[in-house]
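So for the sequence shown, full-length UniProt numbering puts the first residue at 1; every next one is plus one.
Note that these hints are calculated values from the structure, not bench results.
Not one of these hints is a red herring.
Using C-beta positions, here's what the derived DEER-type ranges look like: (1) G81 / W2: 16 to 24 Å; (2) E61 / G18: 17 to 25 Å; (3) E60 / K90: 17 to 25 Å; (4) S72 / I3: 17 to 25 Å.
In silico lysine-lysine, DSSO-like type, Cα no more than 30 Å apart, as pairs: (5) K63 / K24; (6) K85 / K70; (7) K24 / K85; (8) K90 / K70; (9) K63 / K85; (10) K24 / K90; (11) K90 / K63; (12) K24 / K70.
These numbers were taken from a predicted model, which means no experiment stands behind them.
Even glycine gets a Cβ: it sits at the ideal position worked out from N, Cα and C.
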Amino acid sequence: MWIQQNPSTPVPLADLQGRSVGLKFECEHCHTEVFTDLLGVPAPNDQADSPEHTGNREIEEVKCPGCEMKHSLEVDSTFDGVTFKVSDAKSVSYQVA
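Start from the sequences, fold in the hints, and give me the full structure.
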């Protein structure tokens with residue numbers, strides 16, 4: 001089941017920590033629906049010296065099958081939750097593996 005991400009509200013860390021997710025988005029350039037391979041959700045940095053440095057990020061790249069545009073994918077994880085960012089995409093959905 002695909003879940004639409006609300007960009008202003010992170011997904012609870014407990015729902016995703018230690019899991020893999022697939023992302024789905026529409027390429028803004030050619031409007032092709034793009035599906036990613038599974039991405040790991042990184043654990044926040046519990047060794048950080050301050051709360052603002054606890055974030056951890058996984059960065060990948062995927063090529064649109066329709067127009068071959070490269071999209072940058074980011075999975076950002078903090079103790080406040082997990083957010084997904086995709087360049088040149090209006091909205092992102094995720095699915096837990």
